[in-house]
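Last residue of the sequence shown: 170 in the working numbering, with the numbers rising by one and none dropped.
Worth double-checking, as some hints may not be accurate.
[Unchecked claim] Label pairs and their computed distance ranges (CB to CB):
#1 GLU12 - PRO142: 30 to 36 Å
#2 ARG60 - LEU136: 19 to 25 Å
#3 ARG87 - VAL14: 34 to 40 Å
#4 VAL133 - LYS92: 19 to 25 Å
#5 PRO18 - LEU136: 18 to 24 Å
#6 ASN62 - ARG137: 16 to 22 Å
#7 MET49 - VAL15: 25 to 31 Å
#8 VAL164 - LYS66: 28 to 34 Å
#9 ARG39 - ASN138: 29 to 35 Å
[Claimed, not checked] Each computed DSSO-like pair below joins lysine-lysine, with the alpha-carbon atoms no more than 30 Å apart:
#10 LYS34 - LYS92
#11 LYS66 - LYS155
#12 LYS66 - LYS92
Just so you know, these hints were derived from the structure itself, not from any lab. All figures in this text were calculated on a predicted structure; none of them were measured in a lab. Virtual Cβ for every residue (Gly too), placed ideally from N, Cα, C.
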Amino acid sequence: MDWVELAGVLPESVVDGPGLRFVIFTQGCPHRCKGCHNRHTWEPGGGKMYAADELFEQIRANPLLKGITLSGGEPFSQSAPLAGLARRVRDKGMDVICYSGYTWEYLTGHLNGRGNFQELLGVTDYLVDGPFVEELRNFKLPFRGSSNQRIIDVKQSLEQGVIVPAAWGR
């Protein structure tokens, strides 16, 4: 059984991506962005361990969910167990959004050399990339906090070899 350390979950949200979403807040973040609204998620070991199977059962129990959102902390710090969960969610016809302080360029540049980035990125439908930059904060942007962050259609971007913005994030 896969385990993941979380700061918590939000069973229903409409502010963490389009549609009704189950939000998973991971524990542990190396980015420590100035102005972060999830500072309590920074320290590894400060959360609670959750079984991926139990999370999946909670997700599956709500037929109104469009998908899940992996937030943080930094989801790519726990990419292996989250990739397994995300794969199961997608197999049920739901989508996966992942927020990361890493940029697309960093993640795709380290696909073969660091922690299962490839596995999690491969089961992510949409990536909100880049650190939160307080000086670039913009409350008018859909589903992100600062103007440097992009909402990327992962499948299209991997297929085309260039960043393809998600239609709903423009």
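The hints, checked one at a time:
1. Separated by about 19 Å at the C-beta atoms, GLU12 and PRO142 break the suggested range of 30 to 36 Å.
2. At about 37 Å, the CB distance of ARG60 to LEU136 disagrees with the hint of 19 to 25 Å.
3. Judged by the Cβ atoms, the range 34 to 40 Å given for ARG87 and VAL14 is violated: they are separated by roughly 24 Å.
4. In this structure the supplied range 19 to 25 Å is violated for VAL133 paired with LYS92, their Cβ-Cβ distance being about 35 Å.
5. Checked against the hint of 18 to 24 Å, the C-beta distance between PRO18 and LEU136 comes to roughly 23 Å, which is consistent with it.
6. Restraint check, ASN62 to ARG137: a C-beta distance of roughly 32 Å breaks the suggested window 16 to 22 Å.
7. Distance hint check for MET49 and VAL15: the Cβ-Cβ separation is about 26 Å, which falls inside the suggested range of 25 to 31 Å.
8. Between VAL164 and LYS66 the beta carbons are some 20 Å apart, a value that contradicts the proposed interval 28 to 34 Å.
9. The beta-carbon spacing between ARG39 and ASN138, approximately 20 Å, falls outside the hinted interval of 29 to 35 Å.
10. For the hint pairing LYS34 with LYS92, the CA-to-CA distance comes to about 37 Å; that exceeds 30 Å, so the pair is violated.
11. Straight-line distance between C-alpha atoms of LYS66 and LYS155 comes to about 18 Å, which keeps the hinted pair within the 30 Å bound.
12. Of the pairs offered as hints, the one joining LYS66 and LYS92 holds, with about 10 Å between alpha carbons and a cut-off of 30 Å not exceeded.
Consistency with the previously given hints fails for numbers 1, 2, 3, 4, 6, 8, 9, 10, ordered from lowest to highest.
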